[in-house]
Amino acid sequence: MSAGFAAALKEAQARISSQIDQRLSPSDRLHQAMAYALRGGKMLRGFLVLESARLHHVSPEAALEAALAIECIHAYSLVHDDLPCMDDDDLRRGQPTLHRKWDEATAVLAGDSLHTLAFELLAQETVGPHALLLIRSLAEAAGHNGMVSGQMLDIAAESTQTPLTLDEITTLQARKTGCLIEWSACAGARLAGADSTALRHYAQALGLAFQIADDILDIEGDAATVGKAVRKDAEAGKATFVSLLGLAGAKARARELTDLACAALSPYGNAGETLKDTARFVISRDN
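In the working numbering, the protein residues as written are 9 to 295.
Treat the hints with care, since some could be wrong.
Derived lysine-lysine pairs resembling PhoX-like cross-links, with alpha carbons at most 25 Å apart [what the hints assert, rightly or not]: (1) LYS240 - LYS50; (2) LYS259 - LYS246; (3) LYS240 - LYS109; (4) LYS18 - LYS50; (5) LYS240 - LYS259; (6) LYS259 - LYS50; (7) LYS109 - LYS50.
Since the hints were derived computationally from the structure, they do not count as laboratory data.
Model the full assembly from the supplied sequences, consistent with the hints where possible.
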């Protein structure tokens, strides 16, 4: 991790955390649970929003609303994903999953509240004249043709008699993981009413590299460092990028995707260096 990227990520995390404090004072059980779900992660999606907004000279206030919005959507998806009816996980970000710390009902309601809060944030006047585009595109990215459909494909894959092919896994992960990463990276251009093509190409490569890195961590990582259970996919016999490409092949593909992501940023010149460092970080992280 380069010093410049580390500093930029730390600053973004501090700004988003401050916004969480303002929006979710721990006055009751629901708000405590919502704030708990938002904390402890890398806030990478929110960081992508802030960095893409910087490239397009978007006001800090508008960018911060969008950054917290995507973190709310991501957090809600993790809370629901961890439930017994889904992945039934006990650990997330090195801490008890929300339904283990409280209970399943609190987890469902906290997730629901984070989901709706995201759109409340994007509807603020500070977001500016392109708020409707942000709201509609996030609904598409998170919904039945995006993240949720990817999760449904993932559930179906657990019971199929025929393991998924590489193309099928790529489609699944492009929806389950990639759609929110793409929205995050394109948010700055959309907030500015600018063309998002370069950032979309960057994000599509980045999202796939991110998931391949996750699959590699599931094999090479340990639960204490990763912050959640590992080797679950292998034990369940699920097809992954590693199972289909091999460990060396998966690492090589992740590097290729990182190169593609960096090349897509050429229209931004030196201003895109932090996003390039983000792509390099994604495939070198240990959690």
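Structure-based check of all given hints:
no.	hint	in the structure
1	LYS240 - LYS50	holds (22 Å)
2	LYS259 - LYS246	holds (19 Å)
3	LYS240 - LYS109	holds (22 Å)
4	LYS18 - LYS50	holds (9 Å)
5	LYS240 - LYS259	holds (19 Å)
6	LYS259 - LYS50	holds (22 Å)
7	LYS109 - LYS50	holds (21 Å)
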